[in-house]
Amino acid sequence: MREGSRCRWRSTETGPCSSARGQLSLSAVEAGIGVVFVLAVVASFGVALPETGTHEAQLDAYADDSITVLSSEPPRHGGVTRLSEVSSSPSAFERESASLERRVRRIVPENVLFRLRTPHGSVGFRKPTGVPVGQATTTTVNGDVTIWVWYA
Amino acid sequence: MTRLERGQANLLVLAVALVVLTAVTGIGVSLADGALESGQRDSMERRAATSLASQLVSADSSTTVRDSVLDGEAVDGLVVSDLEQLAPGVSGADVRVRVGESTVVERGTPSGGTTVRRVVLVADETTETRRANVSASDSVTLPRRTTRVDVSVDTGPETTVSTVRVNDRVALHSEDGLDGETTLRTSRYETLTLDFEVDGSEAEATLTYYPERTTKAVLTVTVDA
Chain Z
1 MREGSRCRWR STETGPCSSA RGQLSLSAVE AGIGVVFVLA VVASFGVALP
51 ETGTHEAQLD AYADDSITVL SSEPPRHGGV TRLSEVSSSP SAFERESASL
101 ERRVRRIVPE NVLFRLRTPH GSVGFRKPTG VPVGQATTTT VNGDVTIWVW
151 YA
Chain F
1 MTRLERGQAN LLVLAVALVV LTAVTGIGVS LADGALESGQ RDSMERRAAT
51 SLASQLVSAD SSTTVRDSVL DGEAVDGLVV SDLEQLAPGV SGADVRVRVG
101 ESTVVERGTP SGGTTVRRVV LVADETTETR RANVSASDSV TLPRRTTRVD
151 VSVDTGPETT VSTVRVNDRV ALHSEDGLDG ETTLRTSRYE TLTLDFEVDG
201 SEAEATLTYY PERTTKAVLT VTVDA
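Chains Z and F are the protein sequences, given in the same order.
Taking my numbering, I'd label the letters of the first sequence as residues 1 to 152.
Taking my numbering, I'd label the letters of the second sequence as residues 1 to 225.
Derived from the structure by calculation, the hints contain no laboratory data.
Positions of the beta carbon are idealized from the N, C-alpha and C atoms, including for glycine.
One thing to keep in mind: the hints can contain errors.
Said to hold, decoys possible - Computed Cβ-Cβ distance ranges for the label pairs, DEER-style:
{"no.": "1", "chain 1": "F", "residue 1": "173", "chain 2": "Z", "residue 2": "94", "range": "40 to 46 Å"}
{"no.": "2", "chain 1": "F", "residue 1": "84", "chain 2": "Z", "residue 2": "146", "range": "32 to 38 Å"}
{"no.": "3", "chain 1": "F", "residue 1": "47", "chain 2": "Z", "residue 2": "141", "range": "44 to 50 Å"}
{"no.": "4", "chain 1": "F", "residue 1": "169", "chain 2": "Z", "residue 2": "130", "range": "51 to 57 Å"}
{"no.": "5", "chain 1": "Z", "residue 1": "130", "chain 2": "F", "residue 2": "11", "range": "57 to 63 Å"}
{"no.": "6", "chain 1": "Z", "residue 1": "129", "chain 2": "F", "residue 2": "41", "range": "33 to 39 Å"}
{"no.": "7", "chain 1": "Z", "residue 1": "89", "chain 2": "F", "residue 2": "173", "range": "34 to 40 Å"}
{"no.": "8", "chain 1": "Z", "residue 1": "57", "chain 2": "F", "residue 2": "16", "range": "49 to 55 Å"}
{"no.": "9", "chain 1": "Z", "residue 1": "45", "chain 2": "F", "residue 2": "188", "range": "53 to 59 Å"}
{"no.": "10", "chain 1": "F", "residue 1": "145", "chain 2": "Z", "residue 2": "143", "range": "45 to 51 Å"}
{"no.": "11", "chain 1": "F", "residue 1": "33", "chain 2": "Z", "residue 2": "33", "range": "21 to 27 Å"}
{"no.": "12", "chain 1": "F", "residue 1": "148", "chain 2": "Z", "residue 2": "146", "range": "51 to 57 Å"}
{"no.": "13", "chain 1": "F", "residue 1": "77", "chain 2": "Z", "residue 2": "89", "range": "41 to 47 Å"}
Please model the complete structure; the sequences and the hints are all you need to start from.
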């Protein structure tokens, strides 16, 4: 009989008992694996889904509102609306682009940058890549005017 | 041969393992349920906030003068029941509507929740009056654009004003002479020049016009279910 062993040794074909052989209790292993599986499934519920849609939707709303406000403003000199005045000719665009940029900058919220494209030129900042960007377009009598907005 | 020698499972360990596994599964199911419910509540809040914000800025709402331009007085008079009529989805939730920095209407204390912002102009109507003695060669140009003009003509006994033109279009005409006050609807996009056809020399016109003063603001709608 081996010393320190808790099980009795009998002279049979089977070897020593499992604790003497240094093996794990199989039930504990199976329970452990089962718990790990269940926790893995639960973790997949706990991981929050990415909400990329909300930034885009908010920026689209900003762009829509800005272009709506701009398109119903009276012109500074002649023309039907301010946007149609700016889009009427290259010289009109040159003349009006500074004040148009100031006006758009005042309308758009402070933490948002913009780019406004008219048929004869653009005002604003460069559009970045890889960030959520909201867009809105309106049509004037002289062409399309598009605004892009993104968070600064 | 003992059980251990035969390599069979220990009943106690098996029972403990089953209990542990059942407990973990129960906890997992309740966590999943909570996550699903909060996800649903988030999307419901977002729908309610978005629809309330769109209704508040839409052109045919009682709170706006035109699309994305809020009427300052109508917005100040908003109450919670108006919000529920505009967007039924906010019933039962804490809601707050702010224009710029000031809170317009609030129910409960929405902390967190979903916030939707819209860019708006807030329009306040002001009144200005101009009086002028008019003769056939005079035209009166209004310095501000307006959507309506109240024209009131006072004439002496020998004088008649037969026609009033706005930007060369005939707006008022009477063979016997105009009298009293009339309201003309004009376009917001044009600067107005009024011409009078006057027969005589004592005619005074009082023009009351209503220029709009707009300030830019951000409309913030917060819904917390």
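To see whether the hints hold, each was checked on the structure:
Separated by about 43 Å at the C-beta atoms, residue 173/F and residue 94/Z satisfy the suggested range of 40 to 46 Å. Roughly 37 Å separates the CB atoms of residue 84/F and residue 146/Z, a value that falls within the hinted 32 to 38 Å. The given range of 44 to 50 Å is broken by residue 47/F and residue 141/Z, whose C-beta atoms sit roughly 37 Å from each other. Separated by about 54 Å at the C-beta atoms, residue 169/F and residue 130/Z satisfy the suggested range of 51 to 57 Å.
In this structure, residue 130/Z and residue 11/F meet the distance hint of 57 to 63 Å, their C-beta atoms being roughly 60 Å apart. The hinted range of 33 to 39 Å is satisfied by residue 129/Z and residue 41/F, whose Cβ atoms lie roughly 34 Å apart. As the Cβ distance of residue 89/Z to residue 173/F is approximately 38 Å, the hint placing it in 34 to 40 Å holds. Residue 57/Z and residue 16/F have their C-beta atoms about 51 Å apart, which keeps the hinted 49 to 55 Å range intact.
Between residue 45/Z and residue 188/F the C-beta distance comes to about 55 Å, which sits within the given range of 53 to 59 Å. In this structure the hint that residue 145/F and residue 143/Z lie 45 to 51 Å apart at CB is violated, the actual value being about 25 Å. For the pair residue 33/F and residue 33/Z, the beta carbons lie near 24 Å from each other, so the given range of 21 to 27 Å is met. The hint said 51 to 57 Å for the Cβ distance between residue 148/F and residue 146/Z, and at roughly 34 Å that hint is violated.
Distance hint for residue 77/F and residue 89/Z: a CB-CB separation of about 45 Å, consistent with the stated range 41 to 47 Å.
Hint check: violations occur at hints 3, 10 and 12; the rest are consistent with the structure.
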